[in-house]
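Peer 1: As you go down the protein sequences, you meet chains R and L in turn.
Here the first sequence is numbered in the numbering used here, starting from 1325 and rising by one per residue.
Here the second sequence is numbered in the numbering used here, starting from 100 and rising by one per residue.
No incorrect hints appear here.
Derived Cβ-Cβ restraints for the label pairs, each shown as a range:
#1 R:Arg1424 / L:Glu680: 39 to 49 Å
#2 L:Leu476 / R:Thr1392: 19 to 29 Å
#3 R:Met1384 / L:Asn447: 56 to 66 Å
#4 R:Arg1424 / L:Gly536: 24 to 34 Å
#5 R:Arg1375 / L:Gln461: 57 to 67 Å
#6 R:Glu1425 / L:Glu466: 32 to 42 Å
#7 R:Pro1386 / L:Gln413: 50 to 60 Å
#8 L:Asp614 / R:Lys1396: 49 to 59 Å
#9 L:Leu442 / R:Glu1425: 46 to 56 Å
Hints were generated in silico from the structure; no laboratory data involved.
In this text, a Cβ means the ideal position worked out from N, Cα and C, and glycines have one as well.
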Amino acid sequence: MPAQPLNRVLYVEDDEDIQRIVRVSLERVGKMTVEIIGDPMVAIERMKAFRPELVMLDWMMPGMDGPTLFRKMREVPETASLPVVFITAKAAQKELDALRELGAAGTISKPFSPKDLPDQLRAIWASLP
Amino acid sequence: MNRADTQEQASLTAALDPNAAADPGKVLADRVEQLYSQLPLGLVATLVVGALAAFELREGRFLEIVLFWAALVVLVTAARGALLWGYRRSADKLGEAPQWLRWLGIAALANGACWGFAAAVFFPSHADEQQVFLAFLLAGVMSGGIPMYAASWPMYAAYAAGIAVPFTYVLGAYGNRLFAEIALLVPLFYAVSVGIAWRLNEVFHSAYRLRHAYGKLTGDYTALNRRLEQQLGELAEARRQVEASGRKLALFAERSPIAVFEFSPEGAVLSANPAAEALFGYAASEMLAKLAADVLHPPVRREQAIEEWTRMIQSREPVIGARHVCTRRDGTEIVVEWSLTPLVNPENRVISVIAQGRDITQQLEVERLKQEFTSTLSHELRTPLTSIIGSLQLINSGVLGDLDKEVAELTTIAERNGQRLLELINDILDIEKIESGKLSMDLRPTALEELVRESLVLNRAYAERFKVRLEVPAELPAIRVNVDRKRALQVMTNLLSNAAKFSPENAAVEVTIQDLGAQVRVGIHDRGPGIPEGFRSRIFSRFAQADMSSTRQKGGTGLGLSISKRLVELMGGQVGFHDREGGGTTFWFELPKLA
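Isolated chain L, as found in the complex (with noise of 0.2 Å):
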């Protein structure tokens, strides 16, 4: 869910609130409204009620004081018309709402004036029956003001104040003792209808609050459609999308020349491709329903097969790459190579198990043969190198007597490359020996720097020929490792006989042994050529060598990096190279320091 999401969710949230406050702007901005909507009728009562009284009290020496108050009543009035016309002219009736308001209180207070001018002026003055008439009056246009300005109870109490306050003045000061009856029962009315006004204000304001609030909600409403219709796509396109997908891996299963099962949690066949089929030779409606421990393994394996099933089960961790011995249906047995993927439902529970099973029998009879025919191989041709090389060491060993200079030159040749193709299949043989896991180390304790001691003594001779010396600069450390004596001399003589022979002559080869704290690295420094920079990546790998002249010229066979690679990571370590400071290359290993 992105931001924008997040947002809208949360409006929702507070619009679905009851409690949520409707925005106290726009509720004044409707009180505002309500009032200048009430503005034209306001306008013509008091116009019409004015000139009634006008009419009413005209008589005789009060013409003068009548026709000043009903010009006054009348420019009120015009102000008021000119108010309303102003506020339905204004563009942000929202923005202006509070002056709006204040302007039209104003306004109120002056209507209300206009009639306290009335009560105060024309009540001395007149007969009984026009004080009786300008009673109603008031009454009327103080109760009548209570619809005009009830959605503002303040404004109500000053229109109606500006009735009453003088209407109670002059009953009071009248002398008259039932006029000071009336004098104390205007207060009361005024109070009863301010509080009326209260009253409407309040439902007025709630209503407000109420179509505030449905307003609102309806606008979300309509968000929360629109969002829910958006869902709804999203929805059907998934669904699309899955549906397009669902028919895709059923086309790869349909199609897949690897058999692949649906099983259930119990271990029995849900599903079957037309690859598995084929493999067990079993129709998939006849494996349906059974164990596979039942109709895919020999009756001897199905126990080991249940519990490892379970086991599978109760982990919940796909099996990848599992051997079983299993059987077709005409009895042939096969092995399989399974990847079994339980699938887990949210609650954590296996719904069903996705395996893939491969045919990998006549995989495992070629490595087997390969296996057998490189031993075999190397063993045959071991045998007769021996008696040649053996033989050659004797003649060119001088005890037979001298040999003519140049029989002893080719005898020399045949004895070193007789030792190379031994070096090339000993070699084959231990990459073999590794590739099928057969290579078993015999770790011991060792000093390390008597086993480096030892193998520049066995290079020794081999260095003398490129007229390369094997030196140790710095005194070795006594640090002791666990490894296999033989194989790390094997390594020891793979990289020191490599440093002699990329060596110019005269050069020395230095060995160091440094200690790396948990580790400790053997070091041999040559000041050979160094690594071609597109050999650098290969160099371990099998039969490379930087340049293929160089194999003729410099003998070896290009496996031993590779092998001695291996070697060390069966003994824990690793090797590497860098280029060494002022020419040359530095090989090294790592090993695992005892305590």
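Isolated chain R, as found in the complex (with noise of 0.2 Å):
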């Protein structure tokens, strides 16, 4: 577990609507400070600068999808031992499994509830070693 609470969270997601429902419920539920990426090809870049304690991932994206992402980041150094959580609508126990196989800290399937969301993250968060 963590020596600090989960405080800064960065999340690629391409939907505008969901975007600003996860910023409000991190920001005013959650009290944690968050970075929003709409557009994934600038995603690492983007990860650079605000130096987030764990990201989110969406699964379907254009461009490029969530475990693309995810492999590109495993190659960057600055970003390759972040905490990653994906956000699917795909809640099959195979694919989930296959998410957690690829290094995945855990996942969050689609819909889910803004209320519990920051408690969702944290409870990923406490159970990283």
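Each chain sits in its own coordinate frame; assemble them with the hints.
Peer 2: Rendered as structure tokens:
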């Protein structure tokens, strides 16, 4: 379990409505510092600048999907060790298992409850080594 | 074959057996008949010979005794005549045969005794030439009796003894050497005569037996003929029926919208109906004698088709609903659902194979479109719903500041109904997955009591909305089951929310786990109004709700129980319900226990 509580979260998501809801959820309910990125192609550069403690990736995005972005992050030293949580509408257990095998810290299935989202993230954060 | 047939068969077998004995009662009756039929001739002969003897012996001082003897002969003859008359009038010659035989025996003895009387009385008293006459006469009546009584040798023996015994006696006692020698010959003559009679008797006997066996055979032959005729009639009728059903079958195949083929065991086309011609675009004559694998299947699938065909011929088992990609004459591919039935002869060899094929290309396309439509639609619906519900949740949570009371009421309604819409979409997706066989189960060993407790925590808030408590009245036993955790929770949520929804306020829904040995049963017991009688049979069908008005009142899609049932079945268990003692209903599901 990391020493300090979760504070800086970065979310890559193309849907603006969801972006807005997640921002409100994490900032207002979770009292966290949040960075939201709509374009996955620039995500890694922005991660380097923001230096999040945890990254949330949407599964399906135009241009580059979540798993591809995740693999790219693993190749960049600054983002290689960041814990990643996938947000996915694909709830099949097999796919979730596949994501964990990729090294994902956790998965949160869509539709999620914005009221509970900060707690879900903190639970994953607490389970990290 | 029925019982009467079996009996008839048995009697036929008996009649055809040459060793089978003729009915002895009938043989005896025949012999008696034969004996009595000889009687009139015997009567006449007795009277004629008697009259001749009386005339010859009548002289002088013996007249009185000769007259007495003649009277005796007439009397005995009359008695025999009366016997004949009685026999002829008898109504039951068969049943009374032993009695008539006995009486005739007595009469024969009396008859013989008359002649014996003549020998004993007249031989010593008369002159030489009359003695010669008597000797001839006695020899004559003794041998003349043979054909008369041949049908019963003991009767002849009695008759002849009546003559021979007194005659031998008087010859021996006469004191003349010649007569003494003759006296020795008479018993010999007697023995030879009885021997002939016995032999004749045997011949008669076997003749009678043959006659009866023949009679019986004739009767049985007639019965056999009748039976054969009847069977021929039945066969003709059966043939008519077979022909009629053959015509019917031909008509069925002819007019059937389904392609019907007959194939040889090697897979060559023997016949094809018009629907088959239309389906594949060939005339039947073009397909004749060609292998199905060559003419109906695309070249890339030829080997596979032959392999499956060989497997079916070897197993002789019908194949139902096998889907194959086939090619039409113009090269277009179609998916055909085949039902193949091998016709097997009594030697267990396949004679031919009847194949029915249905073009399901369009049907499959429709199914695919339906699935695609359902999953696209639900995905497209879910994304905006996520935003709607998320926004409303944040507003209602109060993190954005307090709301006006009426606004809060309305946004709560909006959130709840958004949630309901989401549940409906999830349920439809589940149904679609279950029906298309795409629902995969992630079965893992799980502690059932922990899963049940978790489901109680998850559903407590929902139950509180109906002012219903979720309770565990007894300690839950520790039992492990092999389940998909998420799906098992879905089933529990479904049953618990149903129970809470239909419980009266301030009631408790009780949850129990019961060890049934190989199975474990989870029971959810409510105090609701119970399941209406008319609804019980379709409670687990889709969109089933007892009362449509309760849908609006209580919420729910009517899919939950149907999904739960299928989920439990996919986990190897079953669901059910029964009335609860003291009112209410118990819904339960059972799962196989893990060792």
